[in-house]
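Starting from the two chains in their separate frames, assemble the complex, guided by the hints.
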Amino acid sequence: MLNPQVMVVGAGPAGMSAALAAADCGVKVLLVDFFSEPGGQLVKQTHKFFGSRGEHAGVRGIEIARLLGEKVRTHLGVELLLDTQVLGYYPDGVLTMERTVDGESEYLKARPRRLVVCAGASEKPLAFPGNDLPGVYGAGAVQTLMNVHGVMPGRRAVMVGAGNIGLIISYQLRQARVEVAAVVEAAPVIGGYAVHASKIRRLGVPILTSHSVKEAHGERELEGVTVWRVDERWQGIPGSERHFEADVLCLAVGLSPLAELLWQAGCRMAYVPELGGHVPWHDEHQQTSVPGIFVAGDAAGVEEASSAMVTGRMAGLAAAASLGSCPHYRELAGEARAQLEALRAGPPGEKIRKGLARLEEVARRAG
Amino acid sequence: MRDDASAAGAVKAGGRGDTPAAGAVGAGPVTRQLRKTGLPAVEDLAQVMPPEEVRRRGPVAVFECFERIPCDPCCWSCQRGAVKPFGDINDLPEVDWERCNGCGLCVAACPGLAIFVVHEAYTDTTSLIKLPYEFLPLPEVGQLVGALDREGTRVGEARVVRVHKQREKMGTPVVWIEVERDLAHVVRNVTVAGGEQGE
Ligand SMILES: Cc1cc2nc3c(=O)[nH]c(=O)nc-3n(C[C@H](O)[C@H](O)[C@H](O)COP(=O)(O)OP(=O)(O)OC[C@H]3O[C@@H](n4cnc5c(N)ncnc54)[C@H](O)[C@@H]3O)c2cc1C
Ligand code: SF4
Ligand code: SF4
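Taken in sequence, the protein lines are chains A and B. Residue 28 in my numbering sits at position 28 of the first sequence; the count goes up by one each step and never skips. Residue 1188 in my numbering sits at position 188 of the second sequence; the count goes up by one each step and never skips.
Calculated from the structure, these hints are not laboratory results. Glycine included, every Cβ here is placed at the ideal spot set by N, Cα and C. Check before you lean on any hint, since a few could be wrong.
As the list claims (entries may be wrong) - Label pairs and their computed distance ranges (CB to CB): (1) Lys1165(B) - Gly324(A): 50 to 60 Å; (2) Trp1076(B) - Glu361(A): 32 to 42 Å; (3) Lys354(A) - Lys1165(B): 40 to 50 Å; (4) Leu2(A) - Lys1165(B): 39 to 49 Å; (5) Glu284(A) - Glu1157(B): 55 to 65 Å; (6) Gly54(A) - Arg1099(B): 22 to 32 Å; (7) Thr1125(B) - Arg177(A): 30 to 40 Å.
Chain B extracted, bound-state conformation (with noise of 0.2 Å):
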């Protein structure tokens, strides 16, 4: 097992050979589950987990985006320099924690909605998370909204701080919700009552 400051700077192109399925059939090497089944395994998200001490010094973007696809925006979305200058437009991304400071430009613009900021440490037992949201209608500020992880289960509540329309055209939704702390990396997405997701 890696420790967490190895994990993350193996965030990068050519870092992730090592992993489970290298030999799979289809595109990067992912692991074998994330192929069959499009949940990360944990070994995907050990690689892109940020190291424990940024986690906990405020909000920053995890980047679950772990296969080589033709694709940037998340470089040149980021006003901040934090997500490295690609070579290649398959590249991976790889973050910069000393730069990112969890503004979310990057969530908004990913086409792969592959990306979240998660403030560890938002109060004492709670957690925020900004993601992206493209349904409708859009939760409201205070709201509490169901709160699902990866496989679209619910895992418990989270309450809506804030719902950012971007000012681009048709640039997507980021919604901040707050959760309980051991569930900041669980939740992935949420569900608005009487909204498209039915309860």
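Next comes chain A alone, as it looks inside the complex (with noise of 0.2 Å):
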């Protein structure tokens, strides 16, 4: 049984950022992993980032995973523990772990004194005629396919959802030397950044906003792929299909928190559309309804990675500081929350301020 005094659940960015903010104030930290590498979603964002400067906007998702990775694995206090699969928690505090190394796999057990769930978030489904068959991806998979195992995914591609993910995807597509025939949106407006899409269009990618996937088609894979208009409601519009030929169909179209081990754990939980489905309540200082869990990054509700890394800082921060080691809490504290509310301040960040403010008032209802 492993007794590190605050074990976090993830090494993404708000993970590693956790576990070097608590293991600063002098506390040890398990931080753990299911992935042979530290990094989370960043070890595939070839791209640069957006975000402050103290969370390395400018620089690619890859160099701020190596230089996050390099950090908790040099830092005495952080115990790194990859390949390890969190499966579940227990109600006297105990958590279990598979750990596979060359093939073979141990269970191990932990009961931390403090909790920092940092899981991040998985990809929604979008249901299709066809939407079964190979070739067609989840925007993460095409991702990782091409950006961890160098494998092009295809060779001509069709991208659901121009959110900045969407967005995001099909440009790295384009590097990789796959065509994109179109990026379709069901919404009247693309919901990412406006500098993302703009940079796709110049490289000669439509966007057919108000559009959505009608079926995919392929004999044993994917071949082609009808798309339509849609009206407000998202209701398809017979006469207005067009067909694409493509052998890679990548969704796109949103992601939700992973909060299982929360549930297990009791946490309160409310469901707020905004922060990408159901989310553990938590206050300011990251705690969830159940006193010593704290929660973080996308598993705290779907966000960036610059403010993961905040949400991060803060739930190490206050982890320490329920044990009594973190003496300059309320200024460090202080500090995160001013970056948090200037990360959110602006447009894009009004839905994650909606969504906070219906999680309180979800809280609130519920007493």
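In structure tokens:
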């Protein structure tokens, strides 16, 4: 049985920041991730990031993963356990894990004094005829194939979703020499940043707003995609069909927080569409309704890597402070809070602000 | 219609509230066209166009960044203090034309690839454009490449004057191209034969 003072689940930007913040306070941290390298989503992000200078804006995601990864590997207060999936949380506060090395797996248990969950988010699916054909991928899978394994997913793609992820992955597909026939978006306007949209337009990629997938075609694998216009209620308009030949159909239609462990731990959850679905209620110290359990990053509400790093730091500091190990908590947490407010202040942050307000409201109503 | 000078003055936070689609769903008060298609409209571009006397004088940065987003590398990458300090990370870049010498440092730093340097009067008949380019192969100096507009449509030919790889790890390469003068504010990308974008 491992008995760390703080255990952090997930070594993405949130988890690494949480681990570093707690360890800097002198606390012993166990940082666990399912993958064989730290970084989370960042290991696939070859584009330069937005955000603030403190959170590495202008630096490519993969480079941020490397910078933070080096810090967690070398910090004496952090024990990094990779290739290890956290399976469950038990009522006595014990977490079970499966660690796989060279095909051999072993079971481990841990009872940490404080738990910080930074498990990130999972991709939302989309239902349409043919969505089970080989060649229909989630955007994350396409990105992993291209940017982690160096494999071209196909020759010609159709992208569904014009949020930042759909736009950025379309750009990366073009960089990998995959043609992008079109980006289709059911909403009447592009959800992602205009600069990202303009960037792919300059490459000759059309963006079709108020359009969605009608069906995917192919015998054994994807050969083409029919898209159509949709009305305000996202219903397809017969007669408006367009056909694209494609061997890749990439779905980038949103993420939902990965919060199973928090469900198991009995944390109060609330359904908040602005934050990606079911999210754990948490206070401004990132503490959930169960004392001693904290949440940060996309698991707390789907947002951005820049804010994931700050909420992670906040959770790490708060976990350390609750163990009496963070004498300057008020000052440090105040700085983090100000940074978060700045990141969420603009128009793109409106959704997050609304979501957080709704989370409070749900909690108030529940008493 | 605004005159050039006041258009430049409007390149700041809060200066855009009067653009046509102020009521648009989505992020900022940018035109409906931009929000729907990713292509800036004439009105969007008018807001960021440097005044004519500035453009005539020499190379100058044109910031095609129209929407308030949490992003500020342009501001701290400029060594000449030509991008006014951001009060809020969501501010729009506001350029001090007197200080900008068109060096292009901001072009390499901008994660939105939204900044271009334009030297309208490069020669009697041509203009020079410095643009961000993140594809392989990079073009070579002297090479003729396809000149593309904001929709990726080929509108002419460009001669590569310089290719500036960044010293800083993984910064965006900046390609300098010479185009016909009337294309100075039309061309925003290039296509390299045998390269990524195929002809
Ligand atoms: C294409 C794309 C482009 C993006 N561009 C930007 C951008 O420009 N700027 C920006 O700020 N953000 C961007 N983001 C968003 C950003 O990547 C995420 O918001 C950020 O990675 C969230 O961090 P996180 O630490 O919460 O989660 P993640 O990065 O998802 O990390 C979660 C980690 O938890 C691990 N994990 C999950 N469950 C378990 C378990 N049970 N046991 C063990 N380990 C587990 C996972 O393996 C993973 O490593 C982009 C995202 C995508 C997909
Ligand atoms: S071109 Fe150079 S001087 Fe002008 S704004 Fe950009 S970095 Fe500053
Ligand atoms: S760095 Fe580029 S995208 Fe970011 S604010 Fe400046 S001009 Fe806009």
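Hints, verified against the model:
no.	hint	result
1	Lys1165(B) - Gly324(A): 50 to 60 Å	holds, 51 Å
2	Trp1076(B) - Glu361(A): 32 to 42 Å	holds, 38 Å
3	Lys354(A) - Lys1165(B): 40 to 50 Å	holds, 43 Å
4	Leu2(A) - Lys1165(B): 39 to 49 Å	holds, 47 Å
5	Glu284(A) - Glu1157(B): 55 to 65 Å	holds, 57 Å
6	Gly54(A) - Arg1099(B): 22 to 32 Å	holds, 25 Å
7	Thr1125(B) - Arg177(A): 30 to 40 Å	holds, 35 Å
Checked against the numbered hints above, the structure breaks none of them.
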